[in-house]
Each structure stands twice: as structure tokens, then as C-alpha cells.
Amino acid sequence: MNTDTTFFTNEEGYQLVDRFKQTISQAKFFDALVGYFRISGFHQLYKELEGVDKIRILVGLDVDKKSLFNR
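If you're matching positions, the sequence shown starts at 1 in the numbering used here and goes up one per residue.
Since the hints were made in silico from the structure, they are not lab data. Keep in mind that a hint or two might mislead.
Unchecked claim - Derived DEER-like restraints, expressed as beta-carbon distance ranges:
1) 50 x 16: 19 to 25 Å
2) 58 x 19: 29 to 35 Å
3) 53 x 12: 31 to 37 Å
4) 14 x 34: 19 to 25 Å
5) 25 x 58: 29 to 35 Å
6) 54 x 7: 18 to 24 Å
Claimed, not checked - In the BS3-like style, the derived pairs of lysine-lysine whose C-alpha atoms are separated by at most 27 Å in a straight line are:
7) 54 x 28
8) 54 x 21
9) 47 x 28
10) 47 x 21
Virtual Cβ for every residue (Gly too), placed ideally from N, Cα, C.
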């Protein structure tokens, strides 16, 4: 279990995406419950997610029409 409590400020070296990449690269399963899902964020993590055995993402009921229709 990672006990690093560093704050993320989106400055170089303190970005949340870097922590996600580090954690996901060691995972066998990826489960996420999100209110909003953006493909741009998923795209930043897809290389690390390729090694994950099972991915489940539950998205809230409110869908952004722009994301839905602009594929």
C-alpha cells in the first residue's frame, strides 16, 4: 500500500496522472466509479491499463452529450 501523502498541484513532478500511472502499472484489476468520464483522461492512462487483466468503469447517469456524439 502506498502511504505517500504528497499534494498534487499539477506542477512538474506533482501531477495526479503520474500517481495513477504508477499505481495502475502494478494492478491486476481496475475498478472506477466516476460521476463524469472523459476519453481524454482515459487516453492518458491507456498504456498502463493494457497490462490490467480486468477493467470496470461505472459512470454516473448524467452523460455529456458532446462526449457522446463527438467520437
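Would you check the hint for residue 47 and residue 28, treating anything up to 27 Å between C-alpha atoms as holding?
14 Å, holds
Using the beta carbons of residue 58 and residue 19, state whether their distance is inside 29 to 35 Å or not.
With a Cβ separation near 21 Å, residue 58 and residue 19 fall outside 29 to 35 Å, so the hint is violated.
Using the beta carbons of residue 14 and residue 34, state whether their distance is inside 19 to 25 Å or not.
22 Å, holds
Please verify whether residue 54 and residue 28 have alpha carbons no more than 27 Å apart.
Given that 27 Å is the threshold and the Cα spacing comes to 7 Å, the pair holds.
Within 27 Å, alpha carbon to alpha carbon, are residue 47 and residue 21?
9 Å, holds
Cβ separation of residue 53 and residue 12, checked against the hinted range 31 to 37 Å:
32 Å, holds
With respect to the beta-carbon atoms only, verify the hint that residue 50 and residue 16 lie 19 to 25 Å apart.
Given a distance of about 20 Å, which is inside 19 to 25 Å, the answer is holds.
Does the hinted range 29 to 35 Å hold for residue 25 and residue 58 at CB?
This hint is violated: roughly 22 Å between Cβ atoms.
Sort out whether residue 21 lies within 27 Å of residue 54, counting only the CA atoms.
Holds - the C-alpha atoms of residue 21 and residue 54 are around 16 Å apart, at most 27 Å.
For the hint 18 to 24 Å, verify it against the beta carbon of residue 54 and that of residue 7.
Violated, since residue 54 and residue 7 (Cβ atoms, about 31 Å apart) do not stay within the stated range.
The structure shown violates the earlier hints numbered 2, 5, 6.
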